[in-house]
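2 protein chains.
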Amino acid sequence: MYATVMHGPGDVRYEQVEDPKILKPTDAIIKLAATCICGSDLWPYRGLSDQDGPAHMGHEYCGTVVEVGSEVRNIKPGQFVVGSFILSDNTCPHCDFGFQSSCVQREFMTGAQAPYARVPLADGTLVATNEIPDADMIPHMLATSDVLGTGWYAADASQVREGGTAVVVGDGAVGLMGVLAASQMGAGRVIVMSRHKDRQKLALEYGATDIVEERGEDGIGRIMDLTNGVGAESVLECVGMEESMHQAMGVCRPGGTIGYVGVPHGVSFDGQQLFFGQKRMLGGPAPVRRFLPDLMDRVLAGKIEPGKVFDLVLPIAEVAEGYKAMDERRAIKTMLRVEE
Amino acid sequence: MYATVMHGPGDVRYEQVEDPKILKPTDAIIKLAATCICGSDLWPYRGLSDQDGPAHMGHEYCGTVVEVGSEVRNIKPGQFVVGSFILSDNTCPHCDFGFQSSCVQREFMTGAQAPYARVPLADGTLVATNEIPDADMIPHMLATSDVLGTGWYAADASQVREGGTAVVVGDGAVGLMGVLAASQMGAGRVIVMSRHKDRQKLALEYGATDIVEERGEDGIGRIMDLTNGVGAESVLECVGMEESMHQAMGVCRPGGTIGYVGVPHGVSFDGQQLFFGQKRMLGGPAPVRRFLPDLMDRVLAGKIEPGKVFDLVLPIAEVAEGYKAMDERRAIKTMLRVEE
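Here the protein sequences come in this chain order: A and B.
Okay, so the first sequence: first residue is 1 according to full-length UniProt numbering, each after it adds one.
Okay, so the second sequence: first residue is 1 according to full-length UniProt numbering, each after it adds one.
The hints are simulated quantities; they were obtained by calculation from the structure and are not laboratory data.
Mixed in with the good hints there might be a few duds.
[Said to hold, decoys possible] Residues from chain B shown here face chain A by an in silico Cβ test under 7 Å; the list is partial:
1. Gly10
2. Tyr14
3. His94
4. Phe97
5. Gly255
6. Pro264
7. Phe269
8. Asp270
[To be verified] Simulated DEER-style distance windows between Cβ atoms:
9. A:Asp270 / B:Glu71: 37 to 43 Å
10. B:Asp311 / A:Asp270: 31 to 37 Å
11. B:Gly266 / A:His196: 37 to 43 Å
12. A:Gly266 / B:Glu71: 45 to 51 Å
13. A:Asp270 / B:Leu42: 51 to 57 Å
14. A:Glu328 / B:Gln272: 44 to 50 Å
15. B:Asp327 / A:Glu243: 23 to 29 Å
16. B:Glu318 / A:Gly266: 48 to 54 Å
17. B:Leu42 / A:Asp52: 22 to 28 Å
18. B:Glu213 / A:His196: 53 to 59 Å
19. A:Glu243 / B:Arg73: 54 to 60 Å
20. A:Leu204 / B:Glu67: 38 to 44 Å
Where a beta carbon is used, it is the ideal one built from N, C-alpha and C, also for glycine.
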């Protein structure tokens, strides 16, 4: 088959690769209904993270099971499934504790920007629907696999409460999903830091109550004004840069919580500053598997439309243009149609 | 009166000072029933924190109110009171949120290693008993003012649960109070890292179920063995050094929580390590005022005896020896008797 391979920074190709096959008895092979490009795919694309040789890209996926290994018990060919970008057995103590992203058998999904993909730990990782969803549900189902699950985790980790105040730092795809999540969890006020008109529009659709365009100290000052000098009890840090983390710290009230889901790049913390700042913090790769059944139910019930975050849809053969559009910020997030 | 003044590292004197008096209408003057020396007093004693000239020492206190300012409404002369080492109005939004240690009017108590002391923000800070406690209650009441309140906060911040597993890093006075707190909160297992026989004994009295003498990687390994390779869901970091924080990180399970109450000295965190470690963290100066009524009730009901942590009792005139004994680790914590 043809699939997406990154040969180096800026060099993404749709080219001939070997068909995926069952390598372990716990694997499944799925035929993708759609796939997409993640903000984290831009790190190697921009040469900001190391890469050893050509890499099969893609970790967000949904589709139909076509084959399962001999030890797969719950997942069956013909089922429509969604899985997390982190593969987990869903039976180890860390999975039981709701942190499937630290599963003792954890692997990171790869090779999903393709018509077919191998999913290890299929029983633990995949969640099946009762019926095959309609075509218009596909973007929303696909979004649950990573971007929505990650935004949801940011809201969960930052302990968004019914009626509480949440600040979302970052208006990328994950930040927008954080807005949606905080709103779904009943936050009375959802303040999003955003400078892009198109993203502000989507944030408002997803339930943002206030937009703050300023950044840095000005942005912190605006949010402190909006919260009567108190700050927010929940802050969703959805970027991972030093400036964004500084903003998150600056707007979080003492005893409030920062959920940080952007992989930190060039961020460090001084112990005494952290101590006297007195913010509760929880970050990490999102345990999407914990939330997946609930998120899929919300999508299928028509309660949420996370797939609106895909503002560019391309045939997978044009994946290189999808990367380019996101790199140049012409697109928030690119969905790739998989036709044969 | 005579009171405790630190003139510089290693130089503590009990000498003539001015009597404390009402400086603001929200002040109270108390006659101390007893006072004590804090582990944090050893930082300037050892020359490890800056000091501008002679300092009136002491921030742990209980005693009888002798005078109040004109705006003090709830606290009255003759009442027996305990207050936190952090002075707070208990009415601002941060106090309402349970983080009185970040009160907008926050001040740090000082001058309590003396027969009389001035307590600013008396209405917000002081908690009165219904009756004057018996003399044998005084050490336990005194302990609630800081050392127990701080250990309690470590347990609260680390989300100790009924039946859960807690690890206490540090067997100083605060660590021992952390053991007591975790045990009172119903932890099924309380593992304490301790190398000192006398402290181990007290830890066991306070509810520790396991003692780990090893430190560093060996200590982490022992605790991972004790928890079947999983780690603890609650870790109380009661030291504040790089090695102790490293141990806390090493024994906390993914998604578990570290409550850190030792003021960090020379500790910093790398963003990616913190992210991928996926520990929830909350530290800071303890909001003792939040817990004080409950802790005082537990003491008066005879449920807890935190005052056992005072293993050296001296007349306040011998305060210099009290510092020396703690500095040389001959005493866990020194109580000072205040006679006239």
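- Message: Looking only at beta-carbon atoms, does the pair Asp270 (chain A), Glu71 (chain B) fall within the given range of 37 to 43 Å?
- Response: holds (39 Å)
- Query: Is the distance from the Cβ of Asp327 (chain B) to the Cβ of Glu243 (chain A) consistent with 23 to 29 Å?
  - Reply: Since the Cβ atoms of Asp327 (chain B) and Glu243 (chain A) sit about 43 Å apart, the hinted range of 23 to 29 Å is violated.
- Message: Given a cut of 7 Å on the nearest C-beta pair, is the interface hint for Asp270 (chain B) held or broken against chain A?
- Response: holds (5 Å)
- Whether the CB-CB distance between Glu243 (chain A) and Arg73 (chain B) falls inside 54 to 60 Å: Distance hint for Glu243 (chain A), Arg73 (chain B) is violated at roughly 46 Å.
- Message: Does Gly10 (chain B) hold up as a contact with chain A if the rule is Cβ-Cβ below 7 Å?
- Response: violated (24 Å)
- Message: Verify the CB-CB distance for Glu213 (chain B) and His196 (chain A) against the hinted window 53 to 59 Å.
- Response: For His196 (chain A) against Glu213 (chain B), whose Cβ atoms are near 57 Å apart, the range 53 to 59 Å holds.
- Query: Taking the beta carbons of Asp311 (chain B) and Asp270 (chain A), is their distance inside 31 to 37 Å?
  - Reply: holds (34 Å)
- Query: Could one say that the CB atoms of Glu318 (chain B) and Gly266 (chain A) fall in the range 48 to 54 Å?
  - Reply: holds (53 Å)
- Lying within 22 to 28 Å: is that true of the beta-carbon distance Leu42 (chain B) to Asp52 (chain A)? Violated, at about 50 Å.
- Query: Cβ-Cβ distance between Asp270 (chain A) and Leu42 (chain B): within 51 to 57 Å?
  - Reply: Given a distance of about 22 Å, which is not inside 51 to 57 Å, the answer is violated.
- Message: The hint names Phe97 (chain B) as touching chain A; please verify it with the least Cβ-Cβ distance against 7 Å.
- Response: This hint holds: Phe97 (chain B) lies near chain A, its Cβ roughly 5 Å from the closest one there, short of 7 Å.
- Verify the interface restraint on Tyr14 (chain B): the C-beta must sit less than 7 Å from at least one C-beta of chain A. Hint violated; Tyr14 (chain B) Cβ to chain A Cβ min 31 Å, cut 7 Å.
Taken one by one, the earlier hints fail for this structure at numbers 1, 2, 13, 14, 15, 17, 19 and 20, listed in ascending order.
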